[in-house]
Amino acid sequence: MKLTLDALKPGNECFVKRLASRDILGQRLMDMGIYPGLKLKVVRNAPLEDPMELELDGFYLSLRHEEAKYVEVEQV
Amino acid sequence: MKREKTLVALAGQPNSGKSTVFNALTGASQHVANYPGVTVDKMTGHYRYDGIRMEVVDLPGTYSLTSYSLEERVSRDFLLHENPSVVVNVADASNLKRNLYLTFQLLEMEIPVVVDLNMMDVAERRNIEIDVKELGRQLGADVVPTVIRTGKGKKKLIKSIRMASRSEKPFQPLRIDYGPMEPFLAKIETRLSMEKSISGKYPPRWFSVKLMEGDSEARELVRKHLAGADEILGFVEKERHSFESEHDELPERHIAFRRHLVADKISKTCIRPKEDTKTPLSDRADKFICHRFLGPAFLVGVIYMLYYLSIVQGYNITNYTWPVLAKFRSLVESILPDPGFIAEPLIRSFSLWFVDSINALLNYIPIFFILFGLIAILEDSGYMPRMAFILDRLFNKFGLHGQSTLSMVLGGIYVGGCAVPGVMATKGIPDERARLATIMIIPLLNCLAKVPLYVLMINIYFVEQKGLAMFFIATISLLIALPVAKILTLTVLKNRDTAPFIMEMPPYHIPTIRGVLGRAVERGWLFIRKIITIVAAIAVIIFVLLQFPGISDERQAYYSEEKEKAIATFYKKIKGSPYAEELKGENLMALILYWNEYKTAKMMTTGEEAAKELNQKFEEENPVFFKIVQPKKDRVAKKVNRAFKKLFKARKKLLREIKKEKIDNSFLGRLGHSMVPFTQWAGFNWRVNVSLLSCFAAKESSVATLGALYQQEEEGETLEKRMKKGEVGFTPLHALALMLFMVLYPPCIATTIMVKIQSGSYRWMLFSVIYPIILGIIVATLVFTGGTALGLSGLQAMFAFYGLALTITIGMGFVKAKNVK
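The listed protein sequences correspond, in order, to chains A and B.
Read in order, the letters of the first sequence are residues 1 to 76 in the working numbering.
Read in order, the letters of the second sequence are residues 77 to 897 in the working numbering.
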């Protein structure tokens with residue numbers, strides 16, 4: 001089974017492998033700076049578990065788990 | 077001499093300090109408008125340099141320039157069709173790599189670009205060293221390092237803009253290498269070059285890339301300009317397919333990916349790799365602010381402070397501003413024609429009604445000013461995205477969005493907000509469906525104007541359980557709003573677009589006083605302008621509906637008779653006194669006015685000195701009248717004083733009766749009567765109907781109208797007492813139904829207009845008015861008729877309804893909505 005970003009826990013680091021969304025979600029992820037080859041880190045989950053906060057190259061993004069499902073990753 | 081004008085576009089990603097740059101360049105010469113046909117704000121301003129007027133347009137902050145979002149489309153259309161001479165790309169120096177992604181797209185449009193490498197101080201603090209010269213060389217554009225916040229580099233930026241705008245040599249920026257896609261792009265470019273009708277209109281490279289991306293607007297341009305559009309688009313589609321099958325990647329993804337690769341390469345060569353520093357301060361702060369338990373606690377604290385400072389303290393300020401407004405009213409009063417004994421000139425009653433309506437709103441200005449200021453602080457500090465982060469899961473369950481938080485706080489998530497700025501703030505919600513749902517439910521929250529009616533009802537019918545009742549009404553609105561949002565999401569909004577929740581969590585900033593005040597004033601002003609005009613118009617309409625057709629001649633004659641009787645009694649009482657002669661004919665009315673004037677003036681003066689001065693002034697004006705007003709030890713004057721007081725009271729009573737009859741008989745009053753067959757099931761009688769009808773324009777009116785309908789019998793009797801006496805049959809159950817109807821009351825006119833602006837359609841505006849009325853009648857009827865049938869007391873019905881609402885809310889939270897993309 002492919003590992004996806006939503007399965008990672010706070011503190012985990014990973015490389016982005018592929019974006020599995022063909023629609024606007026994939027484009028948005030790209031535009032906001034999540035692209036194949038990028039290394040990112042899960043910083044924390046929100047108090048109600050969702051969404052999650054990511055650190056990429058010096059800036060921070062938040063993302064819902066259901067959206068993070070479309071980001072295939074390889075854990076470091 | 078020809079007046080030269082140069083158009084400058086300001087582009088940049090969110091949080092790059094773009095608006096600070098805009099402010100620094102244009103100063104006070106700013107102007108807000110809308111881009112044609114859309115709700116995106118268009119900020120323009122200008123400055124002069126070299127004797128040339130530089131027109132600056134602040135484009136919306138975007139991460140990219142695709143056709144996916146409204147803001148991006150607006151920015152791109154501007155760059156494409158308005159022919160700016162220069163684009164200033166504001167980039168965050170501390171985050172250069174990500175910012176370059178947008179820079180590349182700007183360069184591709186082949187308009188001269190000046191890169192403003194802003195926030196150099198932040199970059200330095202983070203040990204990021206940028207080789208500005210090398211960066212400029214690689215980009216093929218001017219790069220100006222600045223710290224605009226402190227003014228550093230501003231002069232150089234202005235000079236660079238000028239240079240770029242009049243540069244003779246063609247702008248030759250960096251060409252992004254799209255790798256394996258290059259042959260495909262070349263084919264499209266060749267194909268396009270055969271079309272004479274668009275050569276020179278759009279940069280060919282840009283056009284090819286956009287078509288390869290499958291960009292909808294670029295396709296639209298082809299259709300608009302080219303005769304053989306279908307053939308060309310078919311050709312492009314074929315190329316897109318063959319690229320995808322050859323490389324197993326969507327062309328648009330590959331394009332974005334390549335841009336990131338180039339950005340990565342450039343940032344590696346131009347930025348000295350930062351040493352492994354400790355976690356940034358913002359992230360350390362977030363350990364607490366977004367903490368599982370501390371985060372929500374902090375959030376509650378922030379919202380509480382927002383209320384406390386704006387609503388509670390703002391209300392205290394109105395203690396100082398209200399006298400000013402009252403003075404304004406008496407100033408207006410003094411220049412209007414004097415009232416008669418029972419007849420008031422129409423111009424007088426109308427003008428005073430008008431001033432009262434406007435004053436009622438102006439009175440809230442301190443509250444709004446503080447509220448807007450605090451919101452600006454929250455925005456500038458960077459806390460807003462954290463609020464969204466914490467609450468998104470909860471709101472998402474009901475079809476709303478994390479970024480609905482701000483709107484809901486403004487609208488009155490607990491008690492005391494205003495739907496107008498609440499609806500206005502929905503602009504920032506990127507998810508179309510959640511945005512519309514938010515717009516629709518904001519009016520269900522407890523705005524300030526609903527509160528007076530709650531307070532009145534609770535003070536009469538729930539005296540024993542004041543705190544409990546207030547908590548009920550404060551929280552029930554949310555328990556109604558959330559399920560309603562979910563129901564709308566599952567029904568009328570079912571097919572609306574949703575957007576992913578990808579949100580930047582920018583570093584925290586200390587807000588500047590200038591920025592905060594500027595925004596508070598700007599928004600406050602916008603609010604005043606929009607609202608006052610509308611409220612003024614509605615005040616006129618309601619006045620007419622309440623005044624006409626007026627009372628019958630018969631009744632008028634009756635009142636005249638009563639007036640004569642009262643006057644005759646007065647003269648009989650003072651007969652023989654030396655004052656009798658002085659008070660004949662018109663002089664009596666003059667005394668009434670003098671008396672009124674004196675009482676009002678006295679109410680507004682404080683301190684012994686001032687009181688003395690006032691007495692002196694009035695005594696000088698008319699020593700005889702003054703004797704009657706202030707008889708002191710003079711026994712004859714005292715007697716006249718007493719008789720006059722009686723007459724004065726009789727007049728007041730007559731005026732009140734006339735007013736009541738007028739309302740009763742007015743168009744609005746008749747409507748109230750005619751609605752009773754329907755509203756009786758909700759427990760509303762005609763008086764309640766009239767007061768509810770009268771607050772269509774502004775809900776503050778509900779209590780004022782009730783005040784007019786329940787007349788005072790004794791001086792100074794509170795409305796609470798009067799209403800209790802006037803409505804013997806009224807029970808707490810009636811009150812509960814009425815309060816719940818108020819919760820669901822349709823938005824006021826000002827909000828309705830704002831709904832139109834933000835939803836962009838009259839149909840949504842109409843919907844936002846109609847559905848709360850239907851829902852309100854249903855809920856009020858359910859509570860009143862149901863409660864009566866079950867023999868529940870007001871309190872029991874309250875608990876029962878709360879339980880029901882809570883159950884529905886929780887149940888609704890589990891229903892899943894389908895996402896539309």
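Read the hints as simulated data drawn from the structure, not as lab findings.
We treat Cβ as the ideally placed atom computed from N, Cα and C, and that holds for glycine.
Each hint should be verified, as a subset may be incorrect.
EDC-like, lysine to aspartate or glutamate: derived pairs with alpha carbons at most 20 angstroms apart [unchecked claim]:
no. : chain 1 : residue 1 : chain 2 : residue 2
1   : A       : LYS41     : B       : GLU580
2   : A       : LYS39     : B       : GLU689
3   : B       : LYS363    : A       : GLU72
4   : B       : LYS363    : A       : GLU74
5   : B       : LYS173    : A       : ASP57
6   : B       : LYS344    : B       : GLU210
7   : B       : LYS725    : B       : GLU420
8   : B       : LYS729    : B       : ASP710
Per the computed footprint, the stretches of chain A lying under chain B, defined by three or more beta-carbons under 8 angstroms from a beta-carbon of chain B, are [said to hold, decoys possible]:
no. : segment
9   : 9 to 16
10  : 26 to 32
11  : 43 to 49
The following residues of chain A were derived to be distant from chain B, with all beta-carbon distances above 10 angstroms [as the list claims (entries may be wrong)]:
no. : residue
12  : MET1
13  : LEU3
14  : THR4
15  : ASP6
16  : ARG22
17  : GLU53
18  : GLU74
19  : GLN75
20  : VAL76
Pair hint LYS363(B) and GLU74(A), alpha-carbon separation not exceeding 20 angstroms: Not OK: LYS363(B) and GLU74(A) at ~26 angstroms, beyond 20 angstroms, violated.
Assertion that THR4(A) lies outside the chain B interface [Cβ separation over 10 angstroms]: holds (15 angstroms)
Pair hint outcome, LYS173(B) versus ASP57(A) [Cα-Cα no greater than 20 angstroms]: With Cα atoms ~8 angstroms apart, LYS173(B) and ASP57(A) stay inside 20 angstroms; holds.
Agreement of LYS344(B) and GLU210(B) with the hint, judged by alpha carbon distance not exceeding 20 angstroms: holds (11 angstroms)
8 angstroms C-beta criterion, at least three residues: is the segment 43 to 49 of chain A covered by chain B: Since three or more residues must qualify, the claim that chain B covers the segment 43 to 49 of chain A holds, with 6 doing so at under 8 angstroms.
Per-stretch coverage check for the segment 26 to 32 of chain A, three Cβ contacts closer than 8 angstroms to chain B: holds (count 7)
Distance restraint between LYS729(B) and ASP710(B), which requires alpha-carbon spacing of 20 angstroms or less: violated (29 angstroms)
ARG22(A) non-interfacial with respect to chain B [C-beta, more than 10 angstroms]: violated (6 angstroms)
Status of the stated non-contact between VAL76(A) and chain B (beta carbon gap over 10 angstroms): Given that every Cβ of chain B is farther than 10 angstroms from that of VAL76(A), nearest at about 16 angstroms, it holds.
Non-interface claim for ASP6(A), where every Cβ of chain B lies beyond 10 angstroms: About 13 angstroms separates ASP6(A) from the closest Cβ of chain B, which puts it past 10 angstroms; holds.
Holds or violated: LYS363(B) to GLU72(A), with C-alpha atoms at most 20 angstroms apart: violated (27 angstroms)
Distance restraint between LYS39(A) and GLU689(B), which requires alpha-carbon spacing of 20 angstroms or less: violated (80 angstroms)
Taken one by one, the earlier hints fail for this structure at numbers 2, 3, 4, 8, 9, 16, 17, listed in ascending order.
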